[in-house]
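One line per chain: the protein sequences are A and B, in this order.
Read in our numbering, the first sequence has 7 at position 7, and its numbers run on one by one without any break.
Read in our numbering, the second sequence has 242 at position 242, and its numbers run on one by one without any break.
Certain hints may be false.
Stretch-level coverage of chain B by chain A, calculated; a stretch enters the list once three of its residues show a Cβ under 8 Å from a Cβ in chain A [as the list claims (entries may be wrong)]:
| no. | stretch |
| --- | --- |
| 1 | 28-42 |
| 2 | 75-88 |
| 3 | 144-155 |
Because the hints were derived from the structure by calculation, they are not lab data.
Note that CB positions come from ideal geometry on N, CA and C, so glycine has one too.
Number of protein chains: 2
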Amino acid sequence: MSQAIKDVVIVGAGFGGLSAAKELAKAPVNVTIIDQQNHHLFQPLLYQVATASLTPAEIAVPIRHVLRSQRNAQVIMDRVVGVDKDAQTVATESGRVLPYDALVIATGARHSYFGRDDWAQFAPGLKTLNDALGLREKILTAFEKAEIVVDGDPDAARRFQTFVVVGAGPTGVELAGAIAELAQSVMRDFRKISKENNRIILLEGGPRVLPSFAEDLSQRAARDLEALGVEVRTGAMVTDIAAGTVTTDQGDIAAETVVWAAGVQASPAGIWLSLPVTRSGHVEVDTTLRPDGLENVYVIGDAARHEANGSPLPGIAPVAKQMGIYVGRRLAALARGRTPTRGFRYADAGTLATIGRNSAVAEIYGIKMKGFPGWLLWGAAHVYFLIGFKNRLFVMLHWLWLYVTWQRGVRLIMHREPGGDV
Amino acid sequence: MSQAIKDVVIVGAGFGGLSAAKELAKAPVNVTIIDQQNHHLFQPLLYQVATASLTPAEIAVPIRHVLRSQRNAQVIMDRVVGVDKDAQTVATESGRVLPYDALVIATGARHSYFGRDDWAQFAPGLKTLNDALGLREKILTAFEKAEIVVDGDPDAARRFQTFVVVGAGPTGVELAGAIAELAQSVMRDFRKISKENNRIILLEGGPRVLPSFAEDLSQRAARDLEALGVEVRTGAMVTDIAAGTVTTDQGDIAAETVVWAAGVQASPAGIWLSLPVTRSGHVEVDTTLRPDGLENVYVIGDAARHEANGSPLPGIAPVAKQMGIYVGRRLAALARGRTPTRGFRYADAGTLATIGRNSAVAEIYGIKMKGFPGWLLWGAAHVYFLIGFKNRLFVMLHWLWLYVTWQRGVRLIMHREPGGDV
Chain A
1 MSQAIKDVVI VGAGFGGLSA AKELAKAPVN VTIIDQQNHH LFQPLLYQVA
51 TASLTPAEIA VPIRHVLRSQ RNAQVIMDRV VGVDKDAQTV ATESGRVLPY
101 DALVIATGAR HSYFGRDDWA QFAPGLKTLN DALGLREKIL TAFEKAEIVV
151 DGDPDAARRF QTFVVVGAGP TGVELAGAIA ELAQSVMRDF RKISKENNRI
201 ILLEGGPRVL PSFAEDLSQR AARDLEALGV EVRTGAMVTD IAAGTVTTDQ
251 GDIAAETVVW AAGVQASPAG IWLSLPVTRS GHVEVDTTLR PDGLENVYVI
301 GDAARHEANG SPLPGIAPVA KQMGIYVGRR LAALARGRTP TRGFRYADAG
351 TLATIGRNSA VAEIYGIKMK GFPGWLLWGA AHVYFLIGFK NRLFVMLHWL
401 WLYVTWQRGV RLIMHREPGG DV
Chain B
1 MSQAIKDVVI VGAGFGGLSA AKELAKAPVN VTIIDQQNHH LFQPLLYQVA
51 TASLTPAEIA VPIRHVLRSQ RNAQVIMDRV VGVDKDAQTV ATESGRVLPY
101 DALVIATGAR HSYFGRDDWA QFAPGLKTLN DALGLREKIL TAFEKAEIVV
151 DGDPDAARRF QTFVVVGAGP TGVELAGAIA ELAQSVMRDF RKISKENNRI
201 ILLEGGPRVL PSFAEDLSQR AARDLEALGV EVRTGAMVTD IAAGTVTTDQ
251 GDIAAETVVW AAGVQASPAG IWLSLPVTRS GHVEVDTTLR PDGLENVYVI
301 GDAARHEANG SPLPGIAPVA KQMGIYVGRR LAALARGRTP TRGFRYADAG
351 TLATIGRNSA VAEIYGIKMK GFPGWLLWGA AHVYFLIGFK NRLFVMLHWL
401 WLYVTWQRGV RLIMHREPGG DV
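Sequences are here, hints too, so could you generate the full structure?
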């Protein structure tokens, strides 16, 4: 059970993996970070790419660029296919076998359809830039199609102008609000279809939106959403999704665009490690963020399940970031021959969600904020956490621009399927 | 042969079509502009999207947005499938039949492989945002792959680090220069592959680069390209292109990335109108920009072939723009019952091409400029012609930023094929 840490392999360059890598910058180790994407993605703002407020480049930055000056780190764009715990190696799609003294698995989560993966084609989720661009194309195309068919087939036009978001967690709430605003702002560019036919419906199985927030903030969020024209339906169970229709226990909805923001499924860390996982695929980790009985393997962020005073930590960026920093420091200590004793403790700064362009609900260190102050706080927090000054600068300028002009500079339909543009 | 113009249908929202539409803003007509894309594209800067200098949103703007305040114009995102000259109607893919009193065809051109369309899969061209994003992904992925294989298979790595541009017109020259700079700037982010193995090869069948420019400017351009590390090979005929190999009469080149900037093929205007076309598919138009014998049909821009003092006008933005303005004014006059007499005359402002980030060759109103002054002129001209203030502002900021920092904020690989990111 050697503690001699030399080669650290980190799988995943999200908030968790990247924080761990950076924390090891000055440690006497070789860091190898593997990701199947070439970029780190600021997922909390992904919905703004999907709704044509921000461009992909504003919320993503090449991983190599982030770590360019960290000489003890190398970046590999590849996909991990397995882990050999005994040999202490990671196998990748391109056939490499990477030995490790310590392995950090920060592979995040994807959306889960609770066993109904056939819904995915009708109700895509939002986890990658590709998801966001696909959704952006779908939303913008819907208005174009509505404009074309409205004369001959008003029902079809209404279907194209109806957008359903399933799940009222932060992503669902923010997405619904953003779609409502996008719908409003594009209408001025169309000649035939009418504002009145725009419908944005937010479906939530639970009793209230933003279940992880305080009750009064949930109520405020629901009110703000309705003010934006979003129909909020709580206690609504989706029983089926097909082309053009969402079936719920409260009746059917005819909609061409449906977005899935309900369930998440942790990545295959558990399978790689042949460990038991939770129903949603999470690997249980102890206070050192290691799965029970594994000396040199850490699982952090959305891939992990860690209980703090009775309840599991939420799958949000701050948790992943703090876990990454903890593991990075721990490994740095081990590499220097020290024996770390402190366990991981999550410092809960609070939760934030925005509803449209000038309202948000926030709870920071117990202080609740609503409306415009909340929105400012939300904006500041997000811009601040954006990696790379360039992105901060451009996002701020861009937001300012949008705020002042209501323009949608990013409203491009790019037909992402090859040859689709011909 | 009525002159009563009421319904004007414009096919294509490039420089030609959009200029015509705008010119008709105050005329007593109904303008319908049809495009299969939802955006107007600033094609002269497309190569900068392909080389990760600019984002799609910086060189494209929704057509609806451009014409939002022009009340007599409506925009339809659809594809034209045919024209009935006798009935004076345009048929679209979605099944619409649009009657016209005057038809303006401004459908541009696509690249042509001179009958070797099988080359397209190995040597894509650059006409749409989709082309540009595909090329960007290909170039960036090549370096990632080189980094992965360089230890085990240095030859493969060299092949991944070799980029061939076929055709040394403005697009080919600008692209080769930009790839050379991108290659240089990304190298600092990699740990294993070496600068020395980067090869950018520009192939030109003719005796010199930029054939449409003055001899000395061509020579300067070639020198500047070589200074950037581009291998310029003139008089080189491509005889075959396959996966990983370009065959020329000067020998084979092992390259994973090949870009086609050689031939263009005009769009199917000729077929729609059942008119004879040139070898490259252009429709011959007279001094009123109408095909011989057609009273109410105009063909402009890259789709048309118009001779001015002996030689055909080049397929560049200024020509399309001036043609659009001419037709717009002509139709406005006809709609007002006047009879326009003036024929189209192209005011040649000159030609511009840039080589890398601080050199360009330009000939404006007979004045030749080279090097940095030429580059400044080039930048100013392009930013000035960008449609929409927002784009101008952001492109300028972004360029300034790139210029000062050498950063590549847009270096994202997004796996555009559906599911490719999973």
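Hint check results:
Here the stretch 28-42 of chain B counts 4 residues with a CB under 8 Å from a CB of chain A, which clears the bar of 3, and the coverage holds. For the stretch 75-88 of chain B, the stated coverage by chain A holds: 4 residues have a C-beta nearer than 8 Å to a C-beta of that chain, and at least 3 were required. A count of 4 residues in the stretch 144-155 of chain B with a Cβ less than 8 Å from any Cβ of chain A is obtained; the coverage claim is therefore met, three being the minimum.
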